[in-house]
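Enquirer: Here is what each chain is made of, one letter per residue.
Number of protein chains: 2
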Amino acid sequence: MKPHFSLRLRVFNLNCWAWEEPAAPRLTAGPSSSDVRRVKNPSSHLLVPSVPRGIPYLSKHRADRMKRLGDFLNVESFDLALLEEVWSEQDFQYLRQKLLPTYPAAHYFRSGIIGSGLCVFSKHPIQEFTQHVYTLNGYPYMLHAEYNRQKDIYLAHRVAQAWELAHFIHHTSKKADMVLLCGDLNLHPKDLGFRLLKEWTGLHDAYLETQDFKGSEEGCTMVPENCYVNQQELEPFPCGIRIDYVLYKAVSGFCISCKTLKTTTGHDPHSGTPLSDHEALMATLCVRHSPPQHNPSPTHGPVERSPLISVLREACTELDLGVAQARWWATFASYVIGLGLLFLAVLSALVAEGGIREIAILLWTLSVGLVLGVGAVYLFHLQEAKGLCRARAELQHVLGRAREAQNLGPEFKPALFLEHQEGYRTEDQ
Amino acid sequence: MKPHFSLRLRVFNLNCWAWEEPAAPRLTAGPSSSDVRRVKNPSSHLLVPSVPRGIPYLSKHRADRMKRLGDFLNVESFDLALLEEVWSEQDFQYLRQKLLPTYPAAHYFRSGIIGSGLCVFSKHPIQEFTQHVYTLNGYPYMLHAEYNRQKDIYLAHRVAQAWELAHFIHHTSKKADMVLLCGDLNLHPKDLGFRLLKEWTGLHDAYLETQDFKGSEEGCTMVPENCYVNQQELEPFPCGIRIDYVLYKAVSGFCISCKTLKTTTGHDPHSGTPLSDHEALMATLCVRHSPPQHNPSPTHGPVERSPLISVLREACTELDLGVAQARWWATFASYVIGLGLLFLAVLSALVAEGGIREIAILLWTLSVGLVLGVGAVYLFHLQEAKGLCRARAELQHVLGRAREAQNLGPEFKPALFLEHQEGYRTEDQ
Numbered sequence: 001m002k003p004h005f006s007l008r009l010r011v012f013n014l015n016c017w018a019w020e021e022p023a024a025p026r027l028t029a030g031p032s033s034s035d036v037r038r039v040k041n042p043s044s045h046l047l048v049p050s051v052p053r054g055i056p057y058l059s060k061h062r063a064d065r066m067k068r069l070g071d072f073l074n075v076e077s078f079d080l081a082l083l084e085e086v087w088s089e090q091d092f093q094y095l096r097q098k099l100l101p102t103y104p105a106a107h108y109f110r111s112g113i114i115g116s117g118l119c120v121f122s123k124h125p126i127q128e129f130t131q132h133v134y135t136l137n138g139y140p141y142m143l144h145a146e147y148n149r150q151k152d153i154y155l156a157h158r159v160a161q162a163w164e165l166a167h168f169i170h171h172t173s174k175k176a177d178m179v180l181l182c183g184d185l186n187l188h189p190k191d192l193g194f195r196l197l198k199e200w201t202g203l204h205d206a207y208l209e210t211q212d213f214k215g216s217e218e219g220c221t222m223v224p225e226n227c228y229v230n231q232q233e234l235e236p237f238p239c240g241i242r243i244d245y246v247l248y249k250a251v252s253g254f255c256i257s258c259k260t261l262k263t264t265t266g267h268d269p270h271s272g273t274p275l276s277d278h279e280a281l282m283a284t285l286c287v288r289h290s291p292p293q294h295n296p297s298p299t300h301g302p303v304e305r306s307p308l309i310s311v312l313r314e315a316c317t318e319l320d321l322g323v324a325q326a327r328w329w330a331t332f333a334s335y336v337i338g339l340g341l342l343f344l345a346v347l348s349a350l351v352a353e354g355g356i357r358e359i360a361i362l363l364w365t366l367s368v369g370l371v372l373g374v375g376a377v378y379l380f381h382l383q384e385a386k387g388l389c390r391a392r393a394e395l396q397h398v399l400g401r402a403r404e405a406q407n408l409g410p411e412f413k414p415a416l417f418l419e420h421q422e423g424y425r426t427e428d429q
Numbered sequence: 001m002k003p004h005f006s007l008r009l010r011v012f013n014l015n016c017w018a019w020e021e022p023a024a025p026r027l028t029a030g031p032s033s034s035d036v037r038r039v040k041n042p043s044s045h046l047l048v049p050s051v052p053r054g055i056p057y058l059s060k061h062r063a064d065r066m067k068r069l070g071d072f073l074n075v076e077s078f079d080l081a082l083l084e085e086v087w088s089e090q091d092f093q094y095l096r097q098k099l100l101p102t103y104p105a106a107h108y109f110r111s112g113i114i115g116s117g118l119c120v121f122s123k124h125p126i127q128e129f130t131q132h133v134y135t136l137n138g139y140p141y142m143l144h145a146e147y148n149r150q151k152d153i154y155l156a157h158r159v160a161q162a163w164e165l166a167h168f169i170h171h172t173s174k175k176a177d178m179v180l181l182c183g184d185l186n187l188h189p190k191d192l193g194f195r196l197l198k199e200w201t202g203l204h205d206a207y208l209e210t211q212d213f214k215g216s217e218e219g220c221t222m223v224p225e226n227c228y229v230n231q232q233e234l235e236p237f238p239c240g241i242r243i244d245y246v247l248y249k250a251v252s253g254f255c256i257s258c259k260t261l262k263t264t265t266g267h268d269p270h271s272g273t274p275l276s277d278h279e280a281l282m283a284t285l286c287v288r289h290s291p292p293q294h295n296p297s298p299t300h301g302p303v304e305r306s307p308l309i310s311v312l313r314e315a316c317t318e319l320d321l322g323v324a325q326a327r328w329w330a331t332f333a334s335y336v337i338g339l340g341l342l343f344l345a346v347l348s349a350l351v352a353e354g355g356i357r358e359i360a361i362l363l364w365t366l367s368v369g370l371v372l373g374v375g376a377v378y379l380f381h382l383q384e385a386k387g388l389c390r391a392r393a394e395l396q397h398v399l400g401r402a403r404e405a406q407n408l409g410p411e412f413k414p415a416l417f418l419e420h421q422e423g424y425r426t427e428d429q
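So the protein lines, in turn, are chains X and F. So the first sequence is numbered by UniProt numbering: it starts at 1 and just counts up by one. So the second sequence is numbered by UniProt numbering: it starts at 1 and just counts up by one.
Take these hints with a grain of salt, some might be off.
If several chains are the same, the list does not tell them apart, and a pair holds so long as it fits within one copy or across any two.
As the list claims (entries may be wrong) - As a list, the in silico DSSO-like pairs of lysine-lysine whose alpha-carbon atoms are at most 30 Å apart:
1. LYS60 to LYS259
2. LYS174 to LYS67
3. LYS174 to LYS214
4. LYS190 to LYS98
5. LYS259 to LYS123
6. LYS175 to LYS98
7. LYS259 to LYS190
8. LYS67 to LYS175
9. LYS174 to LYS123
10. LYS174 to LYS60
Quick caveat, the hints were computed from the structure, so don't treat them as lab data. All figures in this text were calculated on a predicted structure; none of them were measured in a lab.
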């Protein structure tokens, strides 16, 4: 980029809640395809994650909502439109055709069995894209997303995902001009996962940073006014919940600010039926050239600050609990498998002796099913424990380094630490 | 790093072939845990992938080999020792204790159900590590690695993996000083996957670059002289195969050369029983400061060169074939499921009518098993098709950009392309 320039970037984000109606895919509501998208646009890195929520009913008026969304995006002509939960590739193709004149670049992110549901439309050419699938994605036998914060059974998974996302941003954005992270994170602003993400990456929350906010109370992105929202789920949150975000940071030689942020308020932007059960976010960002020394958010994460250490410690504790729980379930499942196999052996003996054959065969069938089913549960929790251990090992490593940096005083930046180590085997010529 | 300096880096790599003996894990031989490791050391990025091969027999004399490996690494005192197929965490812990005085930093990479088998020992502190698990990992029902190049059933998966690895390096090494990629890639030097990896990343092959090579004929890393090698598998390759590599590149402001490369030759370094069925690689690399304009390997990949376009095109064709095949299998499986369900309905009717109950129940059991099994096959190939489509979409995007760059002439570097686009919404202040 040229010095002394300013770039205005208008971004749209929406969790579209677009399930295909005829297929009634109850089974596909599992959160197994959560992804992180990364798109490198003219002079920016865009990072767009989404953790699809499980929705046990069909999305309503899908075709009509898609049409109105397309019309709205064409009229507004954003720089970027980032959509989540577009589960049908046909919907993406429909939008692609409709938006082609205004947004010539587009990409649909495929992954897993049901896809990622993520797509991006851009007014500017997309230079590169890449995709990262989370290691842990909740429990396949619990299809419903959890909004209860008191007893969040997904807590360890959320923390591991937030860490993975932060790590992905950290490793892929080192030479970027800016990072933009938009999407439905399924995390409330005070959640451990969200704090971990913000502390480790140094991302800024558009809602907190902007001086010109228009939209729903407290910036909520699921509000009781929206007729598609399950009112019972939102009962503990009278004005709604904020789980969709526009987060950003400038990386080097730039500064970035959020001029305006708007959300829809339970209706479509022209006060009709809502576009989704989530509210749309519309941000205007301003990117400016700035001397590197005034860089407000260091690339390597603010290692020397103690809030980081405290949130890392908290995350480690949660992962410890998660690992213990996963191992408990794996052990429990292995006992059930043992019992099932014993029962099978007894039944086989009964059949061989010529006992009540019919019932024996039926029971045999049932217990084979049980052993196989519990075997799958066992393997799942074994893999869950390994995934959580992996996140914990990475976290502990960072925590160790953060503590070292803190002990060496606030002037001791990670970059210096690096240079210090480089002296090791250096031989001056 | 300081200007005018030179750094000597001694690297050791070995596929350890260390399966735990008492557990006899025939089932664990599947290639489902192939990983990419990334370790950032004093002034380098290390990228270490491995595609574990399926070994249908137990690894022999494991404890003794681990002991001798530890002794050798301690005596040689490399900067980095990179090991693959260390499947038991106990083996890693044993080595860790043994190597602690010489290699104070170490990491074991956990993933999936059986782990990744990867670990790293370093003389210098490890600043960061991250891990990437391949999307596609071969067919779970075919446990044996394929050395036959004429009819390689894994070809599409190998190409997709090579692409994913190249993409990972591309996105994570932009601010690195150097990239080092070591490991058992399960790719021969002329394989499409290997050519794709080299062309897109600009990595250099230590075996081809060094002027001081000592070791097995043609640099082979699985040789018939090794008593652990399955001689039948190697029959088509009289002097062995080369599938383990040390690859490197300098990224910016540095140049790197391979001073020496050694391999073992079917025995351990002191001419005893081999350390593994693979040969070890020992490289001495020399990293020097160099003015940025003499950078031999651009970070963004040599987009303007036509060998890249040709290899990208070839890879696209292979992925097309892979996608078609995966879809064919998914369709075939769905027909079998349909037939199985029909058969079940007929059997249920027979039982209800009071026919030969015993046999009916037995058949019912068998067909439920069949439907469930084929259901799993169906889901697997559906997910395989999506994974291959994803790699193809990324490849096609890069191919498109490479063609554009070529049409615009050889002076048209990707960096200029980027700056060109940045002009778009730029408003000079």
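Enquirer: Indicate, hint by hint, whether the structure satisfies it.
Expert: Going through the hints against the structure:
{"no.": "1", "hint": "LYS60 to LYS259", "verdict": "neither (34 Å within a copy, 66 Å between copies)"}
{"no.": "2", "hint": "LYS174 to LYS67", "verdict": "neither (38 Å within a copy, 40 Å between copies)"}
{"no.": "3", "hint": "LYS174 to LYS214", "verdict": "neither (33 Å within a copy, 38 Å between copies)"}
{"no.": "4", "hint": "LYS190 to LYS98", "verdict": "neither (38 Å within a copy, 45 Å between copies)"}
{"no.": "5", "hint": "LYS259 to LYS123", "verdict": "within (20 Å within a copy, 49 Å between copies)"}
{"no.": "6", "hint": "LYS175 to LYS98", "verdict": "neither (34 Å within a copy, 39 Å between copies)"}
{"no.": "7", "hint": "LYS259 to LYS190", "verdict": "within (24 Å within a copy, 54 Å between copies)"}
{"no.": "8", "hint": "LYS67 to LYS175", "verdict": "neither (38 Å within a copy, 43 Å between copies)"}
{"no.": "9", "hint": "LYS174 to LYS123", "verdict": "both (25 Å within a copy, 26 Å between copies)"}
{"no.": "10", "hint": "LYS174 to LYS60", "verdict": "neither (42 Å within a copy, 45 Å between copies)"}
Of the numbered hints stated above, those contradicted by the structure are hints 1, 2, 3, 4, 6, 8 and 10, listed in ascending order.
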